[in-house]
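Generate coordinates for the entire structure from the input sequences, incorporating the hints supplied.
Protein chains in written order, with my numbering: chain R, 0 to 307; chain P, 0 to 307.
If you're looking for bench data, these hints aren't it; they were derived computationally from the structure. Treat the hints with caution; some may be incorrect.
[Unchecked claim] Chain P residues, not near chain R, derived (Cβ > 10 angstroms throughout):
| id | residue |
| --- | --- |
| 1 | 21 |
| 2 | 49 |
| 3 | 61 |
| 4 | 92 |
| 5 | 95 |
| 6 | 125 |
| 7 | 128 |
| 8 | 129 |
| 9 | 135 |
| 10 | 146 |
| 11 | 161 |
| 12 | 212 |
| 13 | 217 |
| 14 | 221 |
| 15 | 252 |
| 16 | 276 |
[Stated by the list, open to error] Simulated restraints, written as ranges between beta carbons of each label pair:
| id | chain 1 | residue 1 | chain 2 | residue 2 | range |
| --- | --- | --- | --- | --- | --- |
| 17 | R | 212 | P | 147 | 37 to 45 angstroms |
| 18 | P | 17 | R | 72 | 52 to 60 angstroms |
| 19 | R | 82 | P | 102 | 49 to 57 angstroms |
This one's a predicted model, so the numbers in the text were calculated from it and none came from an experiment. Where is the CB? At the ideal position from N, CA and C, for every residue including glycine.
There are 2 protein chains.
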Amino acid sequence: MSILVVGSVAFDSVETPSGKRDKALGGSANYFSISASYFSEVKLVGVVGQDFPKEHIDFLQSKRIDTAGLQVTNGDTFHWSGHYMNDLNEAETLATELNVFAEFDPTLPESYCNAETVFLANIDPDLQLKVLEQVKNPKMVAMDTMNFWITSKKEPLLKVISKVGLLFVNDMEAQMLTGESNIVKAAKAIQAMGPNNVVIKRGEYGALLFSGDEMAFTPALPLAEVTDPTGAGDTFAGGFLGVVDKEGGIHNADVARRALIAGTAMASYVVQGFSFDGTKNLSPDDIITRWSQIKSLSDVRDDLRLGS
Amino acid sequence: MSILVVGSVAFDSVETPSGKRDKALGGSANYFSISASYFSEVKLVGVVGQDFPKEHIDFLQSKRIDTAGLQVTNGDTFHWSGHYMNDLNEAETLATELNVFAEFDPTLPESYCNAETVFLANIDPDLQLKVLEQVKNPKMVAMDTMNFWITSKKEPLLKVISKVGLLFVNDMEAQMLTGESNIVKAAKAIQAMGPNNVVIKRGEYGALLFSGDEMAFTPALPLAEVTDPTGAGDTFAGGFLGVVDKEGGIHNADVARRALIAGTAMASYVVQGFSFDGTKNLSPDDIITRWSQIKSLSDVRDDLRLGS
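Laid out in structure tokens, this is it:
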């Protein structure tokens, strides 16, 4: 089993009510990879500049993440700057310096082409497609996207969506993509575009999965302190697809629910620190404890009795 | 076991994207009572005018709701008019005619004073207190409130809150009441005011319970069609307290979770029709089926396995 991920490998400069970090390790592919690495083998596809420190590559490799697909080219690494004010649900972007990412032309190492699970993180749909075409026979392809691609590149976006088995979106993106404000109708409309599975990410309210005709839900873990929400969505996707890859697919709703909770557990750790402070040193016990805590939020043993 | 409820007994004129109804049966005490009647015995405290049709009283009594505490006085019944636009989460009030409710002076029949469970629906905190003082030895007192009382009658409101065991609020009310935007901190601050149990109602995102040091959560049932959200909160409270009354209190988190799901199930029925169309003719099987469906959204059988 292995998971191929393509996305950004970046420096993040972030300010939140808890503090700030300048040029810390970030990027969708990194957040996904570190999270998924606790569950399965990860093969990373991305690009960095010559300013990218060896210690970051060592860190990824220390998590047994395959970096053969990480290109190093002339120029600077992608750099995102943003801040979160009191509403920790939404970042305000201050600057996006694409740098080497602007010319990114992903070519997969031969050893990557047999990956069973693929995650196309939130990047240009043309790049998502280019990577997907190089994978031979994936069992599960999942993707993320955002409002920017829905408005500026809808045609190639719909083409990628038609080829994947799972789409991660939030409520607003689901509505933008389908024109449906009701989330059940929006999810059905997305399923009609191709993916049998749709995960609606609702931040602090949890995540809702539509898988064929079934639904599954996990609440987020209510936290008294959130340090930095950056990377929560990709970390969620990493835990979710980590379980799916390990189980060989979403065979039934129980796998889906275990995966939802795993993604939620990983996301709850990442938001408790800046960059990878919350996820870099987890033990299997840490993950299982958090997973059980989230599971127990809605665990019910006895059945309902009625009548007075 | 029995539940005493005090609140409004009203006519509602409502318009939603699905249609409109003029002067249909409504009011917080009614929504609560009909819902709770499927689980336990209900004693209703309220006031109506002489325009209140006998058929409505017959309807309540057909559900074995005790109406000995329903005063009939000279004047017109409370009448609320409102509409919901595309955002079904929030009503816009067009008119509130208090009528006989303005002079409401609740006096409980002797037979009501031994109720084990009490629900003080969203009315003037001075009236809530007046009712509560007449109940001899309740096991569980729960209350609802709203932004209007938080801003206009904070002192008597805090007095009632200090005397109850459970408060129902939404995120915004919890924040207004405590000054805390983080929901965990807000819930702890409310617990410090008195109630050991706090239910945060999150509409289509579900409901979160803080009970002592434990948390519990149930998602709302995602529905493709919502006809009229009026009464969802009181119907939720009715199902929740119906289970709590039947079980003799919130002895453990399992009771709390069963109660959360029961409230959610009842609310999912009421929003599927105007007035009481969605809840007036339910069978025990209907309720158990819907309860099981909501439970299964987050049911997980197998444990998580880790490692690649």
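Comparing the hints with the structure gives:
no.	hint	result
1	21	holds, 26 angstroms
2	49	holds, 31 angstroms
3	61	holds, 14 angstroms
4	92	holds, 22 angstroms
5	95	holds, 28 angstroms
6	125	holds, 31 angstroms
7	128	holds, 28 angstroms
8	129	holds, 27 angstroms
9	135	holds, 21 angstroms
10	146	holds, 19 angstroms
11	161	holds, 23 angstroms
12	212	holds, 12 angstroms
13	217	violated, 6 angstroms
14	221	violated, 5 angstroms
15	252	violated, 8 angstroms
16	276	holds, 20 angstroms
17	212(R) x 147(P): 37 to 45 angstroms	holds, 43 angstroms
18	17(P) x 72(R): 52 to 60 angstroms	holds, 57 angstroms
19	82(R) x 102(P): 49 to 57 angstroms	holds, 54 angstroms
Hint compliance for this structure: hints 13, 14 and 15 are not met, and every other hint is.
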